[in-house]
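Given chain D, put chains H, C, X, F and W in place with the hints provided.
There are 6 protein chains.
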Amino acid sequence: MPEITDIATLRKNAQAGRVRALLPVLVESVAEKSSKDGKPFLEIQLVDALDRFVLRVWSDNGQFAVAQELAAGACLQLEGEFAVHPQFGLEAKRWSFAPLTGEAKEEFLAGPADLRVRQEEDYAFIAVEVDGLKDPRLKALGAAFLEKFGPRFRRTAAARFFHHARRGGLVEHVAQMMRYADAVCAANPALHRDLLLSGVLFHDCGKLWENCVEEGGFTMPFDERGELLGHINIGIELVNSLWKTLPLDDWKEVVPDNEDVRLHLLHLVAAHHGELAYGSPVQPKTPEAIALHYIDNLDAKLEMLARGYDGGGTVAERIYDKVKPLNVRLVAPLGLMDV
Amino acid sequence: MPEITDIATLRKNAQAGRVRALLPVLVESVAEKSSKDGKPFLEIQLVDALDRFVLRVWSDNGQFAVAQELAAGACLQLEGEFAVHPQFGLEAKRWSFAPLTGEAKEEFLAGPADLRVRQEEDYAFIAVEVDGLKDPRLKALGAAFLEKFGPRFRRTAAARFFHHARRGGLVEHVAQMMRYADAVCAANPALHRDLLLSGVLFHDCGKLWENCVEEGGFTMPFDERGELLGHINIGIELVNSLWKTLPLDDWKEVVPDNEDVRLHLLHLVAAHHGELAYGSPVQPKTPEAIALHYIDNLDAKLEMLARGYDGGGTVAERIYDKVKPLNVRLVAPLGLMDV
Amino acid sequence: MPEITDIATLRKNAQAGRVRALLPVLVESVAEKSSKDGKPFLEIQLVDALDRFVLRVWSDNGQFAVAQELAAGACLQLEGEFAVHPQFGLEAKRWSFAPLTGEAKEEFLAGPADLRVRQEEDYAFIAVEVDGLKDPRLKALGAAFLEKFGPRFRRTAAARFFHHARRGGLVEHVAQMMRYADAVCAANPALHRDLLLSGVLFHDCGKLWENCVEEGGFTMPFDERGELLGHINIGIELVNSLWKTLPLDDWKEVVPDNEDVRLHLLHLVAAHHGELAYGSPVQPKTPEAIALHYIDNLDAKLEMLARGYDGGGTVAERIYDKVKPLNVRLVAPLGLMDV
Amino acid sequence: MPEITDIATLRKNAQAGRVRALLPVLVESVAEKSSKDGKPFLEIQLVDALDRFVLRVWSDNGQFAVAQELAAGACLQLEGEFAVHPQFGLEAKRWSFAPLTGEAKEEFLAGPADLRVRQEEDYAFIAVEVDGLKDPRLKALGAAFLEKFGPRFRRTAAARFFHHARRGGLVEHVAQMMRYADAVCAANPALHRDLLLSGVLFHDCGKLWENCVEEGGFTMPFDERGELLGHINIGIELVNSLWKTLPLDDWKEVVPDNEDVRLHLLHLVAAHHGELAYGSPVQPKTPEAIALHYIDNLDAKLEMLARGYDGGGTVAERIYDKVKPLNVRLVAPLGLMDV
Amino acid sequence: MPEITDIATLRKNAQAGRVRALLPVLVESVAEKSSKDGKPFLEIQLVDALDRFVLRVWSDNGQFAVAQELAAGACLQLEGEFAVHPQFGLEAKRWSFAPLTGEAKEEFLAGPADLRVRQEEDYAFIAVEVDGLKDPRLKALGAAFLEKFGPRFRRTAAARFFHHARRGGLVEHVAQMMRYADAVCAANPALHRDLLLSGVLFHDCGKLWENCVEEGGFTMPFDERGELLGHINIGIELVNSLWKTLPLDDWKEVVPDNEDVRLHLLHLVAAHHGELAYGSPVQPKTPEAIALHYIDNLDAKLEMLARGYDGGGTVAERIYDKVKPLNVRLVAPLGLMDV
Amino acid sequence: MPEITDIATLRKNAQAGRVRALLPVLVESVAEKSSKDGKPFLEIQLVDALDRFVLRVWSDNGQFAVAQELAAGACLQLEGEFAVHPQFGLEAKRWSFAPLTGEAKEEFLAGPADLRVRQEEDYAFIAVEVDGLKDPRLKALGAAFLEKFGPRFRRTAAARFFHHARRGGLVEHVAQMMRYADAVCAANPALHRDLLLSGVLFHDCGKLWENCVEEGGFTMPFDERGELLGHINIGIELVNSLWKTLPLDDWKEVVPDNEDVRLHLLHLVAAHHGELAYGSPVQPKTPEAIALHYIDNLDAKLEMLARGYDGGGTVAERIYDKVKPLNVRLVAPLGLMDV
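Protein chains in written order, with the numbering used here: chain D, 1 to 339; chain H, 1001 to 1339; chain C, 2001 to 2339; chain X, 3001 to 3339; chain F, 4001 to 4339; chain W, 5001 to 5339.
Okay, chain D solo, but in the shape it has when bound (with noise of 0.2 Å):
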C-alpha cells in the first residue's frame, strides 16, 4: 500500500515523475461543468492544512456518479497516481477514494503532526511571553486576549495568499516576531519590551475576522467586517473592548499612565504596516511603532523566500521562480550549499 501523504509533500515528489500516494482531503466545493467540446466533468476543490488542488472527474469514470453526490465538508482518503502538469499543476490519475472516517479523519483534520507541534509549542511560547510581562495593564490585556479569543486566534491564518496562509499561521507569525523582538531589544534595552512584545501579539489580531479558518476545517471564508474596515481597524477595536474590561482604577497610580498605555499600543496596530500607501493610517512616530514594522517585514518576507526556496520551480541550478509578491527570482541560500 502506498504511503500516506498530503498534498504540499505530493506536489513536490510528484515534480520528478509519477508517485502512487494516499491522500487524505477535505471538498472544499464540488462543481458540475463541461469541457470545450461539451464533455460534462466535476470540478472538486480538495483541501488540507497546507495546501489544495482540483480533481476532475469526467462523465466516462465509473466514480462519477458517486463523486457527484459528495457534499462540502467531507473527507476522503484519495488513493491513485499523481504528477506534475507545467501549465495545471498537481494532478491524479488512475484514482478512487473512500470516506475518511473515526480516528484517521480527526488526525487528518489536526493537520500534519510535525505542524501541529510547532503550532503548540509556538502557542506555548506566546502564552508564557505574556505571563512574563511587567507591566499590569498589558499582561491582564494578553491574557485576556489569549483567554477570551485563544481558539480563534490558533484557526486564523497570517495572511490570505502570501505567507503563513494557513490554519495557525498568525500563530506562528507571531511567535517567530516574539523571538526576534527579544533579540532586538536586548540588543537594544532603550526599546519598551513589554510595550514591543504586546505590539506584536496584536499587530495583526483584526485578521482573526479577516483571515480565520472555519472550525474543523480548512476554509478561509471573506468576511463583510473585513472587507468594510480592514484587519487594522478591527484590530484596534478588538484592543479597545478588551481593555474595557481590565480593572483599571486599580492601576490609575502606575506609571505610565494607563491612556498612555493604551494611546501606544493602539499606535503600534495602526502603524505596523510602515506607509500610508500600504494601509497604515499613521505612520511610525516611536521606536516600538518603527521596531514592529521591521521585525513584521523580517518574518513576513523570510517566510516567502522559504514558501520559494520550498516549493516553487527553478529557471536553473540555484535560481528559483518569482514568488508573489516579490517580483525578482531567488537564488539559493549559501547555507544550503555547506552540505
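Among these hints, one or two may not hold up.
[Stated by the list, open to error] Pairs of lysine-lysine residues, derived as PhoX-like cross-links and limited to a Cα-Cα distance of at most 25 Å, are as follows:
| # | chain 1 | residue 1 | chain 2 | residue 2 |
| --- | --- | --- | --- | --- |
| 1 | C | Lys2033 | F | Lys4134 |
| 2 | H | Lys1033 | X | Lys3148 |
| 3 | H | Lys1039 | W | Lys5093 |
| 4 | C | Lys2039 | F | Lys4093 |
| 5 | F | Lys4039 | C | Lys2033 |
| 6 | X | Lys3324 | W | Lys5324 |
| 7 | H | Lys1039 | W | Lys5039 |
| 8 | C | Lys2033 | F | Lys4105 |
| 9 | H | Lys1105 | H | Lys1012 |
| 10 | W | Lys5244 | X | Lys3039 |
| 11 | H | Lys1012 | X | Lys3033 |
| 12 | W | Lys5148 | F | Lys4244 |
| 13 | H | Lys1093 | X | Lys3039 |
| 14 | X | Lys3012 | W | Lys5039 |
| 15 | F | Lys4033 | C | Lys2039 |
| 16 | X | Lys3148 | C | Lys2244 |
| 17 | F | Lys4244 | D | Lys33 |
| 18 | F | Lys4093 | F | Lys4105 |
| 19 | D | Lys139 | D | Lys33 |
| 20 | C | Lys2244 | D | Lys33 |
| 21 | W | Lys5039 | X | Lys3033 |
| 22 | H | Lys1033 | W | Lys5244 |
| 23 | W | Lys5148 | W | Lys5244 |
| 24 | W | Lys5244 | F | Lys4148 |
Source of the hints: derived by calculation from the structure; they are not laboratory data. None of the values given here were measured: they were computed from a predicted structure.
This is chains H, C, X, F and W only, laid out in the frame that chain D set:
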C-alpha cells in the same frame, strides 16, 4: 478715529499702501529675541478668528517695557498704520495698543459677525438635517453627537492648513457637504440618503481632537491622540462609543440590521480619503462611500480655490499664485468677468 | 417556445443552471480554428446592444457548414440551452440558429426597449438642458453640436471597457452628469452653471471618434485619429471648429468676452481628467473645472459599481468580485438590505 | 573707466571679490519697501538679455529720490562695484546710474553680440532646413510658420526656468534639435526625415504664447491662454490654423495623404513629452515620435548641465552644486580636463 | 518540395492561412505531459536564431515513439503545414521530421544569412570604431575587450525579452548606438567622442553573462552571477579587470589622468539606465552619461516598435497591438504609406 | 570661569535662555561679507566632533581684525554668552577667543570622551566579531579590511546628513547592526551568521570614500569617486580588491566554494538598500540579504528618532518637530514616561 477691522481684511487693504486701522487681537505668545546685529526685540504672535501676524517691538520703542509684560491670552486693541512687506507680510508701523475689555473683548472673541452668523446658520442647518433622518439609528446617533459634542464641534477647524482652517471651519465644511449630498441624492435616488448624510456628519469627527481650537480663543494646539492614531481612527472610536449609548434593542426588528448600519457608517468614515496613500485604511467599496469621497474633495478643493482668489497675489492679470497644496496657478473664474 | 432574451440577462440567469432561450445576436466575426488535438472549429463572435459572447462550432456539428458561410454583420436568432462556465463564461449547448429578418431584426438592432427609452429620454433631457442655457454662445454651440453630431453622439460609448461601454453610453453618462451638475450648482450658486453644463456636454465629445459604435451595429472599431491624438485633443478640435461657425460678431458686446468663454470651455475639456498622469495636459484651475472633474468621476465610478453588483460574481454573501479598473472587492449597498 | 559688461559675466567675475563695472540694464519694476527696523528702501528689478538681479536703494542714499522716479521699461547704465553675497547673490555697492540712450540703448536691447549672432545663425539654419524639406505640405507649413510668426518665434524662450530660458532660447533649442535630428536620420534612414524635422520645428510652438518675451524687452509675462490650455494644445491649434491656409487641393494626389501627414505631425507635437505624467495627452506611437522625444530631452538636459557648469557653484573641486530640475550634483566633464 | 523557411517568417506568412514549409529547428527541451482528459502528449520546445515555438505530439501520432527519443540540442528538419492559432500561436499540422545534418545543420546553426551578414558587418564596424579611438587608454581597453571576449560578445542578446533578444543582438544594438553616437558628436562637438563611444561599447557588457546564448545554439540560460549582481555591476567588474591588464604606466603623462578616464567610463556604465528606479545606482552627472542614456533608449525603443510592426497583430488597419513593455498600441509609420 | 562644553550641549542648554560657556572649536572656513545695508562682517564656520554653528563678527567689533586673520583648520577657545535664535539658531554674544593649544587642543580634536570611549568599544566589539567568524574566507577578509582600512573606517560617518552623521558614526552603526544581526541569528538559526555579519561589516564600506572625515578634523569633503560611482559600487570594488589578496587556494576544498561566498557577500552589499528606487542595482534575493536590509533600516531609523528626541524642538508637550528625512512629527517614547 480709524475703522475697526480684522487681520485678513487689513492684509488685503494694505496691499495697495499704508492703512490706518484699529485692530483687536489676541496674544498667542511673546518671545524675546535679538537681531543679527544684537538689537533686542519682542516677537509677539497675534491672532484673530481668521488670520494671524507677527508684531515686532524693538528695544528703542517706548512701549517695549509694557509689551514685555504681555501674557499669552491677553486681548488688545492695536492702533496704527499697517503695510504689507513682500517678504515679511503684514507689518504694523507707528502703533500703540490698549487692553481690550468688556463687551468689545467678548465681541472680538466671538469672531466677526458675518462668520458667526454663517456658522450659526450652518450649524442650525446641520441640526435640521440630522433631525430629518428617517433611519432611527442614524438619527439618534447624529442627535447624540450634536448633544454631547456640539460645542466642541463648533470650535473645530476642518484642517490645520489647507481649507476651512479656522474655528468653526468644520461646521461650514459639513454643512456645505450636506447641501451637496442632498443634491446628489436628489439626482440619483439609488443612493441611501440617510447613510450618506450621516457619513458627511461623522467623516471628520476625529478632527474634534486633531484640529480643535481652544475654548475662548483662536489657537489650535497639537494633540497626542491625533498624532498617534489620526483623525480617522479617532472618528471610528467616537462613532463606536456613541453607538453603545443608543437603545439598540428597540430597533432589533428594523431592516437593515443595526450592525449593518454601524458597519456601513464606519466604512464611510474609514474610506473617505479614497485611497490608501491618502490615509484611508480601506478603499471605498459602496456607492455612498464613493459619493462621500468626491463630495468631500469637491468642497475642500473649491474652498482652496476661494482662498486663492481671495487672498492670494497674482502673477498677471487674472492669473493667481499657486495655492498650497494645489500645485497650479489659478485662473480667475469666468463668473467674475460678468460684472 | 422559450423566451426571447439578451446576452446580459442570459448570463445572469444561467449562473444557477442551464436555461433554454431565444437569443437574437449580430455576428461580429467568424474565424476557423482547430483545437490542440487538431479538431477544426469555428469561433463566432456574437454581440448585442449590451454584451458579447463566443459561439464555438465543432466540425462534427451538423450546422458547421452553414455556420462557415456566416458573414460579419449577419443577424441571427439563436435557439438553445445556455450555461455559464466558470473559466470560459457563457456557452451555448444544443443550439440551432435561423436568420433574423424584418421587424424582429430592426427591433433587435434598435437595442432593448428599456435601454432605448432611457437613452431617448436622456437625449431629450440633454437637448432641453442645452436649450435652457442663458449664455448665447454656449447655447448656440451646444445646439450646433446636437444638430451636426446628434446621431453620432447617440451611437457613442462613454468608454471602451470600464463604464457605459455600450452604444449610446455617452448619452447616458452626459445626461446623468448634467443632473449632478444642476444639483451641485443649486447647492453652490457661485458656480457658473452654463459653463459647467457645457463642459459636461463637451468633455468627452472626442470620444465620438475614439469610441464610436458603427452605424446599424454594435461594434466599436479602433480609430487612427483617436490613437494619434486622444479624445481630449479631438474634443478641443471639435469645439474649435464648431465655434468658428457661430455668429460671434453678434455677441461682441456680451460680457464676458467671446474669447474668454471659448478658453474657459476648452479648459474644462482639457482638464477634466484632473491630473497629468491621467492624460489631462493641464490641471483644473477654475471652480468649474474642479466641479466637472469630480462629477465625471462620481458618475463613472458609480456605474462601475452598478456593473459589479449587477453582473459580477460574489466571493461570499454580499461581497462581490473585484471589478476593473477598481482594485477592490465590492460590498452590497446598505439600501439593498432594506427589502 | 571700467569695462562694459553684463549681469551673468559680472556674477561670475565677482565670485572672487569686488569688481568695478559699467552695466547696462532694463528696469523691470520698482517697489518701495522698508526693512524690519523700519528703514525705507527701493527694490528695483533689473534685467538684461541673459540674467537678472535686484538693486536695493536705501533712503539715506543720495540717489533715492531719482531712483524713486524710475519707470518700468527704462534703460540705465549702472556704474559701481559689484560683489556676490552667498545668501543674497549679486549686489551693487557705491554705484551711480545714468539713463541709457541712443545707440548704446539699442545695442543693449539687441542683446550681447555673440548671442545675437548665434541666434541669427540658428534662425537662418532653421530657415534653410525648412526650405530643404521635400514633402510639399510640410515645407509649405514650415514656411508659413516662419513667415507669419518668425519675429515672435525669435523672441520666445524654450522654457520659463530650466533651459534656454532667455529671449530667443527657443530658436537655439530648435536649431540644435534639428542638427541632432539630421544626424539621427543619417544614422537611421528608416526615419521619415521631413516629418521628424517638422516635429522639431513645431513641437514647442505653443510656447510662442506661454514663454514669449515682450517686444523690445527681456520680460516674460504669464499668459492666460498658456495657463488654461498649455503649450501642447496651443501648438496643436497653431498647426491646425496654419494648415487650413495651405493649398491642400494641389496635393490631393501626393502620397501619403494630406490628412495622414497632418495627423502624424500633430501626434509628434502631442506626444513629445513622452509620458502622460509629463503632460503629453498621448504617448509616442510612431518611430518619429520616439525620436523627437529623446532628441528634445537630450538637448534640454545638456543645456541644463552647461548652465550648471557655467554659473553654478562647486561643493568640491570638479563637483558642482545641484542644478534644478536635475536632482544631482554635476561632475566636471572629462573633456575639460584635456587642457 | 516546399520552401525552406524560419519560424518568424512562417509565423507571419501563416497569419493568412495554412502554409506548407520546410523548417530547420533546434530542440531545446522535450517534456512528456497529458491533456486534461488524460491523453499523453509530448511538448517539444523548438528554437531557431530568431524565434521559438512549441510542437505538441499526441500519443496516437505515428511519430510519437521517435519523438520521445529526441534529445535537447538535436537539430531537425520539420516538414508540414503550419497555421497560427489566435490563442496558442504557431502550430504544426500533418508534419514529419528528419535529422538535420552536415552542411545544412551548420548553416542552420549559423543563423539566417542576412542576419549573419548584418551582425558580421556590425561587428566589423565596431572593431573599426574601436580602432579609431584616439585616447590610448580607451582604444587599448576596447581592443582588449574585443580580443578577449569577442566570441562571447557575438553570442550575447541585448535583452532577454524586449529588444534585440536574439543571439548577436547586443552586437547589433552596440553598432547602431555607435552610429547614433557618432552622429550626435558631429552635431555637438563639445561631447567627448572617445568616452561616449567607449561607453556605448561597454554599457551592456555585463550582459555577456546575464544574456549570453549557449555556444552552438540558441538558448539563453539564467546565470547566478547575473541574478546576484546584475549586468551593471558585472560590467563594472569587467572594465576594472581589463583595465588592470593595460600598460597604464606608459600613459602617466597623458591628460586627462588614467584614473579620471577610468572613473568617467565606469560612470557611463553605472548611470546608463538614467534613474535609480530603473536600476542605475547613480544618475547621469556628465554630458556623455546623459547622451549615452538617451542613445540607448532611442535604439531600444525603435527596435521595440520595429518588432511590433513586423510581427504583431493589428486591431484595425494601421493600428497595431500593444507591444511589451510599451503600453500603447502602435500606429503605422508615415513612411510606410509612401509606397 | 564658565564650564567647558560643546556645541550640541550648548544648543540644548541655551534653549531656555542665555548661557555663559567656554567652547573649543575648529575653524572650517572664514568668509568676508556685508549685510543688506552694507555693513561688513565675517562669517566663520565653526565645528566640533558632533555639531557646527556660524559666528558672525561685525566690523565694529574690536576683534574683527584678528578674526580676519583666522585660517581654516585653526582651533580656538571661544568664551562668551550663547543664545538660540528661533530663525538663525545658536548665536554667540559678547564673546572673545583665544588659540587652543597643546593638550587642550589634542583633547578637543579627539572628540568628547564619552563618544570616544563608545566608538572605541564599538570598534573593539567589531574586531572581536570579525575574529569570531568561522568561515575562513570571511574571517580573513574582515581582518584584512580592519588592518588595511581601520583608521579610515574609524573616521567615516554613516551618512552625510540623516543618521550617525559624525566622525566615527559608521563604526557605531556597524557595531549596533552587528548586535542586531547576532540577536536575529540567535532567533532564527537558519540564517548564515558569518555571511550576515560580514554583510553588516562591508555593506557601507564604500562610504569610506563617500563620507570620510578629514584626518585630524571634523570636515567631510565631497569626493569625485563617490559622486561618479556611489558607495555601493565603491564597496563592491573594495571587497573585490581585498578578496584578491586572500590565499584562496588554501580553501579550494572548503564548502561552499570560494566564488559562491564572494558572490553572496557582494549580493549583500549590492542589495542592502532593498529596492532599485533606493539605489540598489538588484533587489534582495537571499535570506541574509533580506535580513541585512531590515537590520540596516532598523538602526538607521532608530538613530533618526533618537536625534529627533534629543535635539529637536517640540510643537506640544511630548510631540516633536518633524525630523528629516522622516516626514512625521515624533511622539515621546512610552519608556521616557516611566520616570
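Here is what the structure says about each hint:
1. C:Lys2033 with F:Lys4134: 61 Å, violated
2. H:Lys1033 with X:Lys3148: 62 Å, violated
3. H:Lys1039 with W:Lys5093: 11 Å, holds
4. C:Lys2039 with F:Lys4093: Roughly 11 Å between the alpha carbons, so the hint for lysine 2039 of chain C and lysine 4093 of chain F holds.
5. F:Lys4039 with C:Lys2033: At roughly 21 Å apart (the allowed maximum being 25 Å), lysine 2033 of chain C and lysine 4039 of chain F satisfy the hint.
6. X:Lys3324 with W:Lys5324: 21 Å, holds
7. H:Lys1039 with W:Lys5039: Cα-Cα ~15 Å, so holds.
8. C:Lys2033 with F:Lys4105: Not OK: lysine 2033 of chain C and lysine 4105 of chain F at ~33 Å, beyond 25 Å, violated.
9. H:Lys1105 with H:Lys1012: It holds: about 24 Å lies between the C-alpha atoms, which stays within 25 Å.
10. W:Lys5244 with X:Lys3039: Cα-Cα ~70 Å, so violated.
11. H:Lys1012 with X:Lys3033: 17 Å, holds
12. W:Lys5148 with F:Lys4244: It holds: about 21 Å lies between the C-alpha atoms, which stays within 25 Å.
13. H:Lys1093 with X:Lys3039: Given that 25 Å is the threshold and the Cα spacing comes to 11 Å, the pair holds.
14. X:Lys3012 with W:Lys5039: 23 Å, holds
15. F:Lys4033 with C:Lys2039: 19 Å, holds
16. X:Lys3148 with C:Lys2244: Cα-Cα ~21 Å, so holds.
17. F:Lys4244 with D:Lys33: This hinted pair is violated, its Cα atoms lying about 68 Å apart.
18. F:Lys4093 with F:Lys4105: Status holds; Cα separation ~23 Å.
19. D:Lys139 with D:Lys33: With Cα atoms ~54 Å apart, lysine 139 of chain D and lysine 33 of chain D exceed 25 Å; violated.
20. C:Lys2244 with D:Lys33: 61 Å, violated
21. W:Lys5039 with X:Lys3033: Given pair lysine 5039 of chain W, lysine 3033 of chain X holds - Cα atoms ~19 Å apart, limit 25 Å.
22. H:Lys1033 with W:Lys5244: The hint is violated at about 61 Å.
23. W:Lys5148 with W:Lys5244: 14 Å, holds
24. W:Lys5244 with F:Lys4148: 21 Å, holds
Violated hints for the displayed structure, listed by number in ascending order: 1, 2, 8, 10, 17, 19, 20 and 22.
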